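*Asks:* Given next are the chains, with one letter for each unit.
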Amino acid sequence: MIRLENVSKYYKSLCVLKDISVNIEKGNIVAVIGPSGCGKSTFLKCINGLVPVTGGKIFIDEVEITSKETDLNKVRSEVGIVFQQFNLFPHLTVRENINLAPVKVKKMSKNKAEIQAMYLLEKVGLLDKINKYPQELSGGQAQRVAIARSLAMQPKVMLFDEPTSALDPQMTLEVLDTIKNLSEEGMTMVVVTHEMGFAREIADKIIFFSRGRIIEEGPPCQIFDNPVNIITEEFIKSVLKDRKDTVHIQKEVR
Amino acid sequence: MYEIDFNVIVNALPQLIKGIKTTLFISLISSVVAFLIGFVIAFLRTMGTASLRAASTIYVEVIRNTPLLIQLYFVYKALPGFGPHLNPVTCGIIALSAYTGAYISEVFRSGINSVNSEQYQAARGLGLNKLETFNLVIFPQAIRVVIPPLASQFINLVKNSSLVSVIAVTDLFYIIYKGAVDDFRFFEFFVVGAFLYMALTGFIAATANTIEKFISTIQEKEVRI
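Protein sequences, first through last, are from chains S and L. Numbering follows the numbering used here, with no gaps: position 170 of the first sequence is 173. Numbering follows the numbering used here, with no gaps: position 158 of the second sequence is 1420.
No lab work stands behind these hints: they were computed from the structure. Quick caveat: nothing in here was measured; it's all calculated off a predicted structure. Any given hint could turn out to be false.
Computed from the model, here is a short list of chain S residues facing chain L with C-beta under 10 Å [stated by the list, open to error]: (1) Cys18; (2) Val19; (3) Phe89; (4) His94; (5) Arg98; (6) Leu103; (7) Ala104; (8) Ala155.
Computed beta-carbon distance windows for the label pairs [what the hints assert, rightly or not]: (9) S:Ser70 to L:Lys1339: 30 to 36 Å; (10) L:Pro1402 to S:Met121: 20 to 26 Å; (11) S:Gly40 to L:Leu1290: 52 to 58 Å.
Virtual Cβ for every residue (Gly too), placed ideally from N, Cα, C.
One chain only, chain S, in its complex shape (with noise of 0.2 Å):
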């Protein structure tokens, strides 16, 4: 589904990503994980080409992205990304911000799309926001509400860019049962995160970068039980160590 042929990425001299090739299946869900400032983040970024490559291929469904032919605008419409600062449209209502690219982009009717904002907000547990701005939502509220928008493009990949970063744990609880329900319906996803527990759980490849390199893939058996490299290792100690209480919190739930 998604193929990264030696991808690399400079901003100038500094060097973000360096040669990395991945395969992710149909139907898969990864988790990206790693210390800050690895690369993660643009890693995600370079799959929808809102940032552009430095070198190597990106193919999605067989189609080579890093052409110059293709059309972008059509990739990333099939393609959602969910981001850390949810990035919803403050001018417009929940509704307009679901129906926007639908309705511009993929030319659907007003009634369609209509219907479909609300079976995706119903979906996110969110029905009775449609008429809010987004200023009026909780944090864990917005990052659902731009779940939904980006499942309003029926993308066949989503992508997750830390969705849980800047929310407080029982916020972060509440986004992560959406995605969730999300991994459950078959849908294509990669999530960067910092969620070890959920990452886990949920994952069935977990990739761990460091210094824009792919240092270790496996299942997440492997990587938290038996990292065959010693820099995974140590972030794994060190991140569950640090990680306590969020993981205590999930196991509570559970």
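Fit chain L to the supplied structure of chain S, relying on the hints for placement.
*Replies:* Below, chain L alone, put in the same frame as chain S:
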């Protein structure tokens, strides 16, 4: 001692009204065109390709750094050598629009820069193209914060329109000056002229205040929890 006599104004009233009409006409058309120029240039400078960015930057800098009077004469006297002859009013509108448009584009640009850059990424991430992103997401947020400086530009436009009198347009200033010289009544005509310009620009300032209040009530509604 000079004796003030405002009767001369009463006699010149029909002429003054004609002048006001011309000034209003030129200002209104130029405002609309300048707004559009400002919009396009702001779009090109913030989202255009490198060459379009460069071209629009050159436009803004050339216009901002040359006197409006030179631009007026250039359109009126120099351009006809290369193309069709335009009437003075059209020349005035072209020069005023181009001049104010450059300033308005800078006003818009400051508003656009105040919009969080992630809004751009979010819109593009949904598949909107650059123009849709600009039109539907960035610009509506930018214009809210630039209403006061934008109003200043329109006020300046009305006042700057008095310069078209030098290319033989019978606008308000032309009538005032002619009246003053003909009747040798500088005090009366210039005092009344100043008040008339103030009345025209005061209308713009009042409209801008109303729009600003209107927007702030919407925003209050938006932030109410």
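*Asks:* Determine for every hint whether it applies to the structure shown.
*Replies:* Hint by hint, here is what the structure shows:
1. Cys18: 22 Å, violated
2. Val19: Hint violated; S:Val19 Cβ to chain L Cβ min 16 Å, cut 10 Å.
3. Phe89: 8 Å, holds
4. His94: This interface hint holds because 5 Å falls under the 10 Å limit.
5. Arg98: 14 Å, violated
6. Leu103: 6 Å, holds
7. Ala104: 4 Å, holds
8. Ala155: With a closest approach of 8 Å, the S:Ala155 hint holds.
9. S:Ser70 to L:Lys1339: 30 to 36 Å: For S:Ser70 and L:Lys1339 the Cβ distance comes to about 52 Å; the hint is violated.
10. L:Pro1402 to S:Met121: 20 to 26 Å: 24 Å, holds
11. S:Gly40 to L:Leu1290: 52 to 58 Å: 53 Å, holds
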